[in-house]
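Protein chains in written order, with numbering that gives the first Met the number 0: chain X, 0 to 388; chain F, 0 to 75; chain V, 0 to 336.
Check before you lean on any hint, since a few could be wrong.
Restricting the straight-line Cα-Cα distance to at most 30 Å, the calculated cross-link-like pairs of lysine-lysine (DSS-like) are [stated by the list, open to error]:
id: 1; chain 1: X; residue 1: Lys-115; chain 2: V; residue 2: Lys-1
id: 2; chain 1: X; residue 1: Lys-254; chain 2: F; residue 2: Lys-9
id: 3; chain 1: F; residue 1: Lys-9; chain 2: X; residue 2: Lys-115
id: 4; chain 1: V; residue 1: Lys-309; chain 2: V; residue 2: Lys-161
id: 5; chain 1: F; residue 1: Lys-9; chain 2: X; residue 2: Lys-313
id: 6; chain 1: F; residue 1: Lys-51; chain 2: X; residue 2: Lys-159
id: 7; chain 1: X; residue 1: Lys-162; chain 2: F; residue 2: Lys-9
id: 8; chain 1: V; residue 1: Lys-138; chain 2: V; residue 2: Lys-117
id: 9; chain 1: V; residue 1: Lys-230; chain 2: V; residue 2: Lys-138
id: 10; chain 1: X; residue 1: Lys-158; chain 2: F; residue 2: Lys-9
id: 11; chain 1: V; residue 1: Lys-14; chain 2: V; residue 2: Lys-1
The set of hints was computed from the structure by calculation and includes no laboratory data.
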Amino acid sequence: MKHQDEYRDPGLARLQLQAISEAISGFDRNMVLMEVCGTHTMAIYQNGIRALLPEQIRLISGPGCPVCVTPVGYIDRAVALARRSDTIIATFGDMVRVPGSSTSLLHEQARGATIKIVYSPLDAVTLAENNPASDVVFLGVGFETTTPTIAGAILTAEKKHLKNFFVLCAHKSMPEPMTALAVDPDLQVDGYLCPAHVSVIIGANAYQPLVDRFRVPCVITGFEPLDVLQGVLMLARQVVAGEARVETQYRRAVKPDGNQRAREILYRVFESCDAQWRGLGDIPDSGLRLREEYSRYDAERALPVMVEPAVEHKGCLCGEILKGKLRPVDCPLFRTTCTPEDPVGACMVSSEGTCAAEYKYGDWGLGAGRRSLPDSSPQPPVPGPQPPE
Amino acid sequence: MCLGVPMQVKTIANEMAVCEIDGVRREASLMMIDDVAVGDYVLIHAGFAIEKIDEEEARLTLQTLRDALDMGLVPE
Amino acid sequence: MKSDIILLGHGSGGKLSHELLDDLIVPILSGIGQRDQNDATTLAQQQGRLAFTTDSYVVDPIFFPGGSIGDLAIHGTVNDLAMAGAMPLGISVGLIIEEGLAVSTLRTILEDMRVAAKKAGAKILTGDTKVVPRGKADKIFINTSGIGVMEHDLKISGSNAKVGDIILINGTIGDHGMAVMASREGLELESDISSDSAPLNSLVADLIRGVGSQLHTLRDPTRGGVATTLKEIAIQSEVEITLQEDSLPVNSTVAAACAILGLDPLFVANEGKLLAFIAPEAAEQALTIMHSHEFGKGAAIIGEVTSATKGKVRLQTAIGGLRAIEMLAGEQLPRIC
Chain X
0 MKHQDEYRDP
10 GLARLQLQAI
20 SEAISGFDRN
30 MVLMEVCGTH
40 TMAIYQNGIR
50 ALLPEQIRLI
60 SGPGCPVCVT
70 PVGYIDRAVA
80 LARRSDTIIA
90 TFGDMVRVPG
100 SSTSLLHEQA
110 RGATIKIVYS
120 PLDAVTLAEN
130 NPASDVVFLG
140 VGFETTTPTI
150 AGAILTAEKK
160 HLKNFFVLCA
170 HKSMPEPMTA
180 LAVDPDLQVD
190 GYLCPAHVSV
200 IIGANAYQPL
210 VDRFRVPCVI
220 TGFEPLDVLQ
230 GVLMLARQVV
240 AGEARVETQY
250 RRAVKPDGNQ
260 RAREILYRVF
270 ESCDAQWRGL
280 GDIPDSGLRL
290 REEYSRYDAE
300 RALPVMVEPA
310 VEHKGCLCGE
320 ILKGKLRPVD
330 CPLFRTTCTP
340 EDPVGACMVS
350 SEGTCAAEYK
360 YGDWGLGAGR
370 RSLPDSSPQP
380 PVPGPQPPE
Chain F
0 MCLGVPMQVK
10 TIANEMAVCE
20 IDGVRREASL
30 MMIDDVAVGD
40 YVLIHAGFAI
50 EKIDEEEARL
60 TLQTLRDALD
70 MGLVPE
Chain V
0 MKSDIILLGH
10 GSGGKLSHEL
20 LDDLIVPILS
30 GIGQRDQNDA
40 TTLAQQQGRL
50 AFTTDSYVVD
60 PIFFPGGSIG
70 DLAIHGTVND
80 LAMAGAMPLG
90 ISVGLIIEEG
100 LAVSTLRTIL
110 EDMRVAAKKA
120 GAKILTGDTK
130 VVPRGKADKI
140 FINTSGIGVM
150 EHDLKISGSN
160 AKVGDIILIN
170 GTIGDHGMAV
180 MASREGLELE
190 SDISSDSAPL
200 NSLVADLIRG
210 VGSQLHTLRD
220 PTRGGVATTL
230 KEIAIQSEVE
240 ITLQEDSLPV
250 NSTVAAACAI
260 LGLDPLFVAN
270 EGKLLAFIAP
280 EAAEQALTIM
290 HSHEFGKGAA
300 IIGEVTSATK
310 GKVRLQTAIG
320 GLRAIEMLAG
330 EQLPRIC
């Protein structure tokens with residue numbers, strides 16, 4: 000596949016790894032790099048990258064899973080909508096197994112709800128067109144890669160004068176959560192692998208304020224294995240040299256100013272708002288909601304339902320996982336009470352959640368070799384860069 | 000939400016394109032990008048083309064991957 | 000057949016039932032005009048051990064590129080017998096039909112079954128037909144059970160894999176699942192991906208003849224794909240399996256469709272593939288045997304049984320990394336992340 004297979008070459012991978020080793024030789028402590036995109040989480044696990052990197056480099060997962068950071072109450076409202084008569088819930092596959100307070104959409108389907116998995120929000124618009132007697136509610140979750148596509152779908156619904164198409168919104172934006180993380184004194188992150196496709200939309204310059212304020216390097220990195228390795232190399236070189244810049248590894252698609260047209264469409268339909276991030280709390284200006292002129296498409300306003308009070312499961316440590324403070328193996332529920340078949344929190348169920356990925360692809364228990372079983376107690380904090388005065 | 004696949008534009012009609020990769024074809028909206036021609040490679044996400052792939056930058060990236068051991072950083 | 004659609008009466012046991020059997024089902028499936036009036040078909044005494052299997056088919060859509068529920072129902076049961084090293088003696092067919100199904104649709108499915116059985120050298124010996132009211136079944140459900148004979152003493156079993164065994168597959172992975180998924184409404188992918196639905200009994204016969212007792216395990220990676228099947232065997236045989244990602248044969252169109260939908264071909268269903276665990280000294284020979292067979296042209300060595308750590312499957316990734324393969328909780332779903 001063009002523009003994909005070239006970035007999987009094992010020989011070039013070996014070169015990157017060699018360069019990474021050389022870059023950090025003489026570096027006298029651990030280097031902690033955080034990725035903030037679920038697709039990076041998946042790419043790193045699927046390609047077995049952690050097993051290849053020098054032990055000194057620790058790759059951790061931040062709040063990059065939009066499904067994981069969606070409050071439990073959102074699922075509960077989606078469930079309540081699913082239980083309405085003549086209602087079709089259209090959703091990306093990612094949402095279907097996520098646990099709400101007492102049930103999930105998959106369970107509701109077994110109880111009779113109509114849940115349709117779609118590949119594109121435009122398919123949900125088509126569903127609305129073809130089912131005029133039903134209300135079609137699209138579950139709008141995602142970062143800036145996806146939100147413009149939902150804006151596009153709403154504009155399409157508007158052009159077709161559809162009265163039965165709605166979106167239940169929980170859109171989030173980048174890079175605000177990275178700021179929320181960076182101000183936390185307990186968090187020690189030497190550099191960020193920034194999300195490829197979000198950055199296609201928001202542009203490389205969007206990370207400059209973060210770099211200016213916290214002096215932490217940011218490298219916008221693609222999702223192919225060679226992209227990830229090159230991104231790690233670029234970060235490692237900056238950290239070792241004590242630099243803090245925005246760099247773009249994913250140059251073939253990310254421009255400094257991103258995709259203005261996409262942002263125009265996005266902000267025509269949506270506006271910035273404060274948002275609740277599961278595990279991180281409220282973060283100002285980190286969400287996107289429908290503008291007043293498009294509020295008729297807002298499922299929450301247009302289709303009122305009784306929603307059960309949100310119940311966060313006791314003992315669920317998804318919040319700490321999302322902040323990168325704990326690894327899945329550090330959570331006592333991991334693999335015991337909390338499994339993909341019986342998840343306590345969304346990190347286990349969402350296809351790119353940190354815990355789901357570790358459960359499916361983690362190299363725990365692979366035994367002999369450089370990668371030994373991780374120990375069960377949290378690692379002591381490693382000395383890291385001092386925040387600016 | 001970030002899965003994006005590079006696909007080649009085969010036909011264009013009214014802001015919609017039929018795109019293809021390795022024999023798989025799918026319609027995608029061109030609402031978000033200007034200036035697309037048949038034959039261009041675009042990044043497809045959730046049924047929309049979100050950016051054109053810059054062939055020259057792609058070539059440069061592959062070059063720097065090959066030159067990884069040079070002490071120079073990625074050229075600006 | 001007077002009606003152009005299946006009616007409840009066609010399953011009631013009365014005149015309409017006889018019409019359905021005599022005009023359509025029996026002539027097509029058994030190739031003869033007369034129906035055995037007894038409740039059971041009798042079989043002659045057999046030389047060798049018997050194998051017995053059953054499977055039900057509920058695939059949607061019922062017609063997809065490369066096959067239909069009909070040929071799936073025959074191939075699936077023939078293949079289950081073959082995975083035990085048994086050649087098919089006879090198959091039973093149980094049909095549960097939704098009221099309103101077009102007779103022409105049923106006819107096509109029955110024809111597909113006849114052709115598949117003939118190609119596999121299997122006889123359809125008995126069957127049953129029921130019709131349920133509209134909405135109580137999705138067009139048609141089929142159950143097939145099969146009896147097979149093993150004219151050898153080999154123990155071919157999921158618990159028989161040994162450390163050092165080489166793992167072979169007879170061709171590309173993920174074709175069937177993607178052919179079905181691509182034709183499902185809502186995902187709108189156009190491609191020429193075709194199901195790999197095929198009978199594997201003669202390929203198995205060739206392998207048994209060629210390598211005999213060095214063939215330890217056979218299994219067809221249907222639902223859950225190659226990954227799930229290998230995990231099952233790793234658990235049953237209490238061994239560890241290592242797969243090589245860059246040895247996995249994947250059709251590039253299937254790979255592209257998987258990439259778009261966010262699916263992993265390792266977990267996508269196959270209907271004309273088998274995984275064979277062969278003693279290392281016979282692996283090359285087994286590969287040659289597969290390559291000489293109609294359904295083994297794309298055969299490849301994809302991994303080996305690497306140690307006695309119970310139940311683990313690991314994948315050496317294309318760039319040299321390592322990852323663990325686990326069973327999925329449920330169906331693999333398309334994702335956007």
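Here is what the structure says about each hint:
Using a Cα cut-off of 30 Å, the hinted pair Lys-115 of chain X and Lys-1 of chain V is violated, with the two alpha carbons roughly 38 Å apart. With a CA separation close to 24 Å, the supplied pair Lys-254 of chain X and Lys-9 of chain F stays within the 30 Å bound. Taken as a hint, the Lys-9 of chain F and Lys-115 of chain X pair is honoured in the structure, with Cα atoms around 29 Å apart against an allowance of 30 Å. Proximity of Lys-309 of chain V to Lys-161 of chain V is assessed by CA-CA distance (about 12 Å); at most 30 Å being required, the pair is judged to hold.
About 53 Å separates the Cα atoms of Lys-9 of chain F and Lys-313 of chain X, which puts this hinted pair outside 30 Å; it is violated. Distance check on the hinted pair: Lys-51 of chain F and Lys-159 of chain X sit about 28 Å apart at the alpha-carbon level, within 30 Å; holds. Simply put, Lys-162 of chain X and Lys-9 of chain F have alpha-carbon atoms about 33 Å apart, too far for the 30 Å limit, and the pair is violated. With a CA separation close to 25 Å, the supplied pair Lys-138 of chain V and Lys-117 of chain V stays within the 30 Å bound.
Proposed proximity of Lys-230 of chain V and Lys-138 of chain V is contradicted: the alpha carbons are some 33 Å apart, above 30 Å. With a C-alpha separation of about 26 Å, the suggested pairing of Lys-158 of chain X with Lys-9 of chain F holds against the 30 Å cut-off. For a cut-off of 30 Å, the pair hint linking Lys-14 of chain V to Lys-1 of chain V stands: about 12 Å separates their Cα positions.
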